[in-house]
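**Student:** Model the placement of chain B on the given structure of chain A, informed by the hints.
Each chain, letter by letter, is given below.
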Amino acid sequence: MSSELVIGAVKAIVVLLLVLNLTALLLWFERKGSALMQDRVGANRAAILGVGRRLGLPNLGLVNTLVADSLKLFTKEDFVPAGADRFLHALAPFLALFPVLVTFAVVPLGDVIRLGGRTVELQAAPLNAAVLYLLATLGLGVYGVALGGWASNNRWALLGGIRASAQMLSYEIAMGLGILSMVMTYGTLDLQAMCRAQGGVWLGWLPRWGIFIQPLAFVLLLVAGIAESKRVPFDLPEGESELVAGYFTEYSGGKQAVFMFTDFAEVVLVAVLLTLFFFGGWQVPYLYSDGFHLPGGFLLALPQAAVALLGVVAFFVKTLVFCCFQLLVRWVMPRMRYDQLMRLGWKGLLPLGLINVVATACVVVLAGGVG
Amino acid sequence: MPAWLFTFVAVLAVLGALGVILQRNPVHSLLALVLVLSLIAVLFIALGAVALGFLQAIVYVGAIMVLFLFVIWLLNLETEPREGGRLLVKLAAAVLAAMLAAELAALAWRAAPGGAAAAGALHQGANYGSMAALAKVLMGEYLLAFEVTSVLLLAAVVGAVALARKDPGAGPQSSTPGRLEPPLR
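If you read the protein sequences in the order shown, they are chains A and B.
Read in the working numbering, the first sequence has 147 at position 147, and its numbers run on one by one without any break.
Read in the working numbering, the second sequence has 105 at position 105, and its numbers run on one by one without any break.
Since the hints were derived computationally from the structure, they do not count as laboratory data.
Some hints could be false.
As the list claims (entries may be wrong) - Computed, partial: chain B to chain A, Cβ under 7 angstroms: (1) 43; (2) 47; (3) 51; (4) 57; (5) 60; (6) 62; (7) 66; (8) 131.
Note that the structure is predicted; figures quoted are calculated from it, not measured.
We put the beta carbon where it would ideally sit given N, CA and C, even for glycine.
Chain A with its partners taken away, still in its complex shape (with noise of 0.2 angstroms):
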């Protein structure tokens, strides 16, 4: 028992730093990524110790973002405007990050690992009923933006609060009906089950993720995705040239950098989400428990160790491919205006996500999928 306990913890622990970690380095990808792109003068030239340069390399700055960054946020003055509702102001930073922190929690890095006679589950929270847990947990992620921009008693923080709940109301619809084909595709709200539906291949060569049967479910889970995110082409409640910033226009030092650090979990999340669903999570094409079969009749054997730590790195490259992705379209999208947008989710998204999922109701029943 008190063993069952201990891998509990090791892995909630691994889990919650592999997220922050993974969260800070996007930040600088995003800093010197744009700089990169854009040909930004500062970002890519700005270089504490020059490790960069001293190896030969492009200059990484990875001192200025990841030291020196986070030391200036947490020791600028925390400032409170006046007539703010103090003690919401403080709590909706946290309010907003901690629903996709815990969120990860019924996400599988990988299969299982066998320790000393015990069969691991690499995954915090094995939950059968993982889908549900993920609806709940994104649901929650509304109230610390509202509240964040109510309690600030400023007009634009409170319009950015606004935009920002709609915003995320409206295309919580299109992602939830993406999601529910995909359950349906399945037949399971587990995503550990998920993953391991989609090991194995079609014709012979063809990896049976989920991309192949659902691309429009795809679709709709990464643009409703990159607006739950707030990010551009969505970034309306943070637009900076219509309301200063959003719903975090009177948060300043750690708050604000709670805020900051809530954005790049959730490109994170989506992330993860979008390896889960369409792209087999874990499994990597041709690997099974016993090694690599390749189409043409190639075996190449490998102990289960060996299988189970290729999984993880598979899910740790598809993500992070995700993410990158997210952070290109920052950097090559202009910003939507908010009639636009929300023409987009209830006129678009909504009716394809609605005929996606009739249509995957009338291809399971077909086949012959309910039990």
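**Tutor:** Then chain B, alone, in the frame of chain A:
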């Protein structure tokens, strides 16, 4: 579910419920209600009704309460002054409260002796509380009620949209300012 955990969550929920009616700021009341509903979801999950608990969190905490927040903002509700109110209203409220208290007491009195046995009888089968069990009941035994409820909700949505339109006589062209699209070229 251990008794101490149940007591802890239940006491928190009751405190939250008191917060809903004692707070004077509507947003604070709403947050207290969010707390109560989340704790009820926790109770559902801890008692084995996992799917129901998550649905409670998704529907009430994730959707309905956010709409309440919108309503509070749109109606621009301010902190409520503590007024006396009319005597008749007070009297009616007192009667209703007494009736509710009597009902709760009667329930508690009747449930007390066989409480544990009744709870045991509820646990039918291994997948009690799972999504599959819930879906079978909803889509089988209560199919008609379930579908009729959804039609009712749809009618409510259509009615709300009809009421919310500023000028029912005017066509959609004149009542949607979002039509200001820039020319293509």
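**Student:** With reference to the structure, classify each hint as holding or not holding.
**Tutor:** Hint check:
1. Proximity of residue 43/B to chain A is violated relative to the hint, the smallest CB-CB distance being about 15 angstroms (cut-off 7 angstroms).
2. Taking 7 angstroms as the C-beta cut-off, the interface hint given for residue 47/B is violated, the closest approach to chain A being about 15 angstroms.
3. The interface hint given for residue 51/B holds, since its Cβ lies 6 angstroms from the closest Cβ of chain A, which is under the 7 angstroms cut-off.
4. A distance limit of 7 angstroms between C-beta atoms decides the matter here; for residue 57/B the minimum to chain A is near 4 angstroms, and the interface restraint holds.
5. Using the Cβ-Cβ criterion of 7 angstroms, the hint placing residue 60/B at the interface with chain A is not satisfied: the shortest such distance is roughly 10 angstroms.
6. Annotation: residue 62/B was flagged as interfacial toward chain A, and the flag holds, the nearest CB pair being 2 angstroms apart, inside 7 angstroms.
7. For residue 66/B, the shortest C-beta to C-beta distance to chain A is roughly 5 angstroms, which falls under 7 angstroms, so the interface hint holds.
8. The interface hint given for residue 131/B holds, since its Cβ lies 6 angstroms from the closest Cβ of chain A, which is under the 7 angstroms cut-off.
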